[in-house]
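Asks: As you go down the protein sequences, you meet chains A and B in turn. One point on numbering: in my numbering, the residue at position 157 of the first sequence is 157, and numbering is uninterrupted. One point on numbering: in my numbering, the residue at position 87 of the second sequence is 87, and numbering is uninterrupted.
Relax, there's no trap hidden among the hints.
Straight-line distance between alpha carbons at most 27 angstroms, and here's what the computed DSS-like set of lysine-lysine pairs gives: (1) B:203 x A:14; (2) A:103 x B:203; (3) B:103 x A:203.
Hint data in this document are derived by calculation from the structure and do not stem from the laboratory.
Number of protein chains: 2
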Amino acid sequence: MAHFSKTDLAELDKIFRINLVNSVTGIKPANLIGTISENNIANLAIFSSVVHLGSNPALVGFVQRPTDDVRRDTFDNIMANQVYTINHVAASCISQAHQTSAKYASDVSEFEACGLTEEYFPDWPAPFVAQSQVKMAVRLLESVPIQWNGTVLMIGAIEHIVVDDSVLEDDGHIDPSLAASVGVSGLNTYYRLSRSTKLEYAKPV
Amino acid sequence: MAHFSKTDLAELDKIFRINLVNSVTGIKPANLIGTISENNIANLAIFSSVVHLGSNPALVGFVQRPTDDVRRDTFDNIMANQVYTINHVAASCISQAHQTSAKYASDVSEFEACGLTEEYFPDWPAPFVAQSQVKMAVRLLESVPIQWNGTVLMIGAIEHIVVDDSVLEDDGHIDPSLAASVGVSGLNTYYRLSRSTKLEYAKPV
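For reference, chain A alone in the conformation it holds in the complex:
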């Protein structure tokens, strides 16, 4: 077994550390967050930190990297408009989705630059990804600063869920393998999902 102590982690080569610590938590969901700027430019960015926070009310979080050193269009747009969309990345769109992580100028829409299609629903001023079979409309509730490293937990209320009928099971579960939704490990390695087993609610035996 390889062992890295806290001291080792601090002294590791930067890229090695980034790869190691970004992959140690296991598979992460690959999602695209869509926003619109005050100049009406549609923005799209890939995030692997979307996390379920609660189902009633339906709440979702994501971790925004520090905003004090570089331009963060997603963060700025959400703070200005309060609304955003979260869209699964499908296996057929991995390269386009990954490309949204490139640092485009703020007057460039990643939809156009990366080859994904904007889609709008009535009364929701943020762009969805037409290629995604699972998507949601989210309204910001709170941005919680994380004092330890300058990241921000963005907490939002899910106001709409739109899902292809073919991936929705009778009990409400969205099967991400039917949607060909992918996971990501570390910064840049993508994984397909294959269903192993669905287990019953566990009780002591």
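For chain A, the structure is supplied; the task is to place chain B on it using the hints.
Replies: Just chain B, lined up with the frame of chain A:
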């Protein structure tokens, strides 16, 4: 496409809503959190909400469900001892890992009840899972209450990473498919991972 508005979500059958909203964020990592009680009982519980917060310093979060209504051994033990472990769930251990979600009495160790093996490393008073090929020792930094639903974001510093040599790539990336680590969707559906592609750092083209 199926569409659920905020109103629909509030009015859905409870189980359907839980399944839907727990699966809408995409694949989640399946991890076991190990703690020890003040009475020296080893506790183990499955969580799907572990999230990367930063790599330098190495920080990890997880979402603790509300603690005011029911006994939460993991939360109580961490608040008492400050330390815990996070261990990947391997495909060979899905049923044992899922079984840790059953409500055992607080004097029962889920390791023994569910058939997983405790493992201890020097100077770390929290149990690891011997069957996991990827595991970390974490020290609590802060518990951040989420005002909207009573959940708590538990923020910890990674003090040790232990990983099987066979799953660690030269660039520091841990390949979760080599570790046979699994993902979970919703509450109870488990997925195996197969590597699709590793992409380069993206730049505008």
